[in-house]
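**Q** Listed here are the chains, written in short residue letters.
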Amino acid sequence: MRFFTKFGQYLLLLKGMFTRPENPKIYWKEFMHQCVEIGIGSLPIVVIISLFLGAVTTVQTAYQLVSPLVPLSTIGQVVRDSMILELAPTVVSIVLAGVVGSKIASELGNMRISEQIDALEIMGINTKAYLVLPKIAAALLMIPCLITLSAFLGIWGGRTAADLSNIVAADIFDIGLRTHFSPFNVGFALSKAYTFAFIVSSVPAYYGYYVTGGSLEIGRSSTTSVVVSCILVLIADYALAALLL
Amino acid sequence: MIEIQHIKKSFGEKTILNDVSLVMETGKCNLIIGSSGSGKTVLLKCIVGLFTPDEGHVIYDGQSMTELSVQDRKELRQQIGMLFQGSALFDSMTVEQNIKFPLDMFTDLKHKDKIKKVNEVLARVNMEGANKKFPSEISGGMKKRVGIARSIVLNPKYLFCDEPNSGLDPQTSLVIDKLIKDLTLEYNITTVVVTHDMNSVMEIGDHIFYIYQGHKQWEGSNKDIIHSKDEKLNQFIFASEFLQDAKQMRMMEAEKEKAGV
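Protein chains in written order, with our numbering: chain A, 1 to 245; chain B, 1001 to 1261.
Same shape as in the complex, but just chain A (with noise of 0.2 Å):
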């Protein structure tokens, strides 16, 4: 039952969004501001796991290609499509899911808990579509552009580890990356990108946007939130796993 309640005042929360915006300004400035947050703000933690992801790829990848049968190249296919299909969008959104996640949701619980929200709400302003509309549609936008750039990253990287640790030779490794490429699969990584990134942006407004109490139910709803939006990426990966390919 409480599932049920907590379910329906989520989807009032994302109705409430829409709404005709007070001063379209303020909001592309908060949006940009998001932007900002969201996508710089998470960039380095994105280059440096995407880079390490490449890399342990192909070295583990390596190890288990014993048949001599098997070609060098196809580690530049395995690692490539590891990237796109798996490990950039879905390693990625559980990264964000603590970084952007838990921001979104002790921010918004900060301003509930010190009376921001309801100051704005005084003030006339739709909270809903001023303060979470803008986080969800930056996430949309910049959270697949993130996993566009740590696929790539990702690909270079187990190119680079595998040419310094002689693994292959890049040229190989090359070969491998433009063996049967498939474009159905960006197609497949993108639709996931932006599945994870309304999971990990919109799940935490959520739990910031209703608590109560004080600074310690704002930490266990940030909690809670990284947990939650986890799980349902993991969810979500499966099902779109299972509908798409």
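No lab work stands behind these hints, which were simulated from the structure alone. Hints should not be assumed to be uniformly reliable.
What the hints assert, rightly or not - List time: in silico BS3-like cross-link candidates among lysine-lysine, alpha-carbon distance up to 30 Å: (1) A:Lys25 to B:Lys1232; (2) B:Lys1178 to A:Lys25; (3) A:Lys29 to B:Lys1114; (4) B:Lys1074 to A:Lys6; (5) A:Lys128 to B:Lys1114; (6) B:Lys1133 to A:Lys128; (7) A:Lys15 to B:Lys1116; (8) A:Lys6 to B:Lys1045; (9) A:Lys103 to B:Lys1132; (10) A:Lys25 to B:Lys1116; (11) A:Lys128 to B:Lys1178; (12) B:Lys1178 to B:Lys1232.
To be verified - Among chain A residues calculated to face chain B with C-beta under 8 Å, some are: (13) Val36; (14) Glu115; (15) Glu121; (16) Ile125; (17) Thr127.
The beta-carbon is built from N, C-alpha and C at its ideal position, and this holds for glycine as well.
Given chain A's structure and the hints, the job is docking chain B onto it.
**A** Same frame as chain A, but now just chain B:
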């Protein structure tokens, strides 16, 4: 003028407000007093529309807030200024940005004019030069003054203050009380203050409503309160021996004046 008609509000099985009716006049400081948990903050939130009453009406100069459309309610809210207990300043914005925010959102003024208006209200609350400071860099009393400045920047018709003196020293409390009183007279607005600060009650209470266990127990002016025979009000107001003595002295002085001594 704000009329509150037969408001009832419950949370679950617990009734917080039970048939409360009040009339708050324009150009006066209307104080809602009561002990902790008596329902005064819930009443204030019902008046400003943060809570929807289960029954009853809140009428702003003839307009019932509960019956207004969403758009009309938004417009009415732009005529409301509110000072929150913790000031509720936006942490990520400077003092200037905090005060300018309602102007940015609801007016088409040029940037230069907005800054002029911000400086005017900052001067009005004696906070000149604090434009570039962040809320974390100013004291509690200053935050309250910035909160007041933000709430009056759109020239509201109604000003609400939720415990404006909480966490402030007596001297700063007096400054805030005087500011609220002066602004009420200067802008001829309807001011509603929720407090349990007895200094405020005696200094600025043009019209006082005492809320006891969710209903209106007593109403009158700060002059009437001294002579009130209401036992519950007396227990609340004159809780300490010091205040009881003060009351005795005030009453003796009043009797002497009456007798022409």
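**Q** Against this structure, judge whether each hint is valid.
**A** Hints, one by one, checked against the model:
About 53 Å separates the Cα atoms of Lys25 (chain A) and Lys1232 (chain B), which puts this hinted pair outside 30 Å; it is violated. Proposed proximity of Lys1178 (chain B) and Lys25 (chain A) is contradicted: the alpha carbons are some 37 Å apart, above 30 Å. For the hint pairing Lys29 (chain A) with Lys1114 (chain B), the CA-to-CA distance comes to about 17 Å; that is within 30 Å, so the pair holds. Simply put, Lys1074 (chain B) and Lys6 (chain A) have alpha-carbon atoms about 27 Å apart, close enough for the 30 Å limit, and the pair holds.
This hinted pair checks out: Lys128 (chain A) and Lys1114 (chain B) have alpha carbons roughly 26 Å apart, not beyond 30 Å. Between Lys1133 (chain B) and Lys128 (chain A) the CA atoms are separated by roughly 28 Å; this keeps the pair inside 30 Å, and the hint holds. Of the supplied pair hints, the one linking Lys15 (chain A) and Lys1116 (chain B) is violated, its CA atoms being roughly 38 Å apart against a limit of 30 Å. Between the alpha carbons of Lys6 (chain A) and Lys1045 (chain B) the distance comes to roughly 24 Å, so the proposed pair stays at or under 30 Å and holds.
About 25 Å separates the Cα atoms of Lys103 (chain A) and Lys1132 (chain B), which keeps this hinted pair within 30 Å; it holds. The straight-line distance between the Cα atoms of Lys25 (chain A) and Lys1116 (chain B) is roughly 21 Å, inside the 30 Å bound, and the hint therefore holds. Among the hinted pairs, Lys128 (chain A) with Lys1178 (chain B) is inconsistent with the structure: their alpha-carbon atoms are about 36 Å apart, more than 30 Å. Between Lys1178 (chain B) and Lys1232 (chain B), the direct Cα distance comes to roughly 28 Å. Compliance with the 30 Å bound is thereby established for this hinted pair.
Checking Val36 (chain A) against chain B by beta carbon gives a least distance of about 13 Å; that is not within 8 Å, so the hint is violated. Restraint check, Glu115 (chain A) versus chain B: the minimum CB separation of about 4 Å is within 8 Å; hint holds. Using the Cβ-Cβ criterion of 8 Å, the hint placing Glu121 (chain A) at the interface with chain B is satisfied: the shortest such distance is roughly 6 Å. Interface restraint check: Ile125 (chain A) against chain B, minimum CB-CB distance 6 Å, threshold 8 Å, status holds.
With a cut of 8 Å, the hint placing Thr127 (chain A) at the interface with chain B is violated, because the nearest CB-to-CB distance is about 11 Å.
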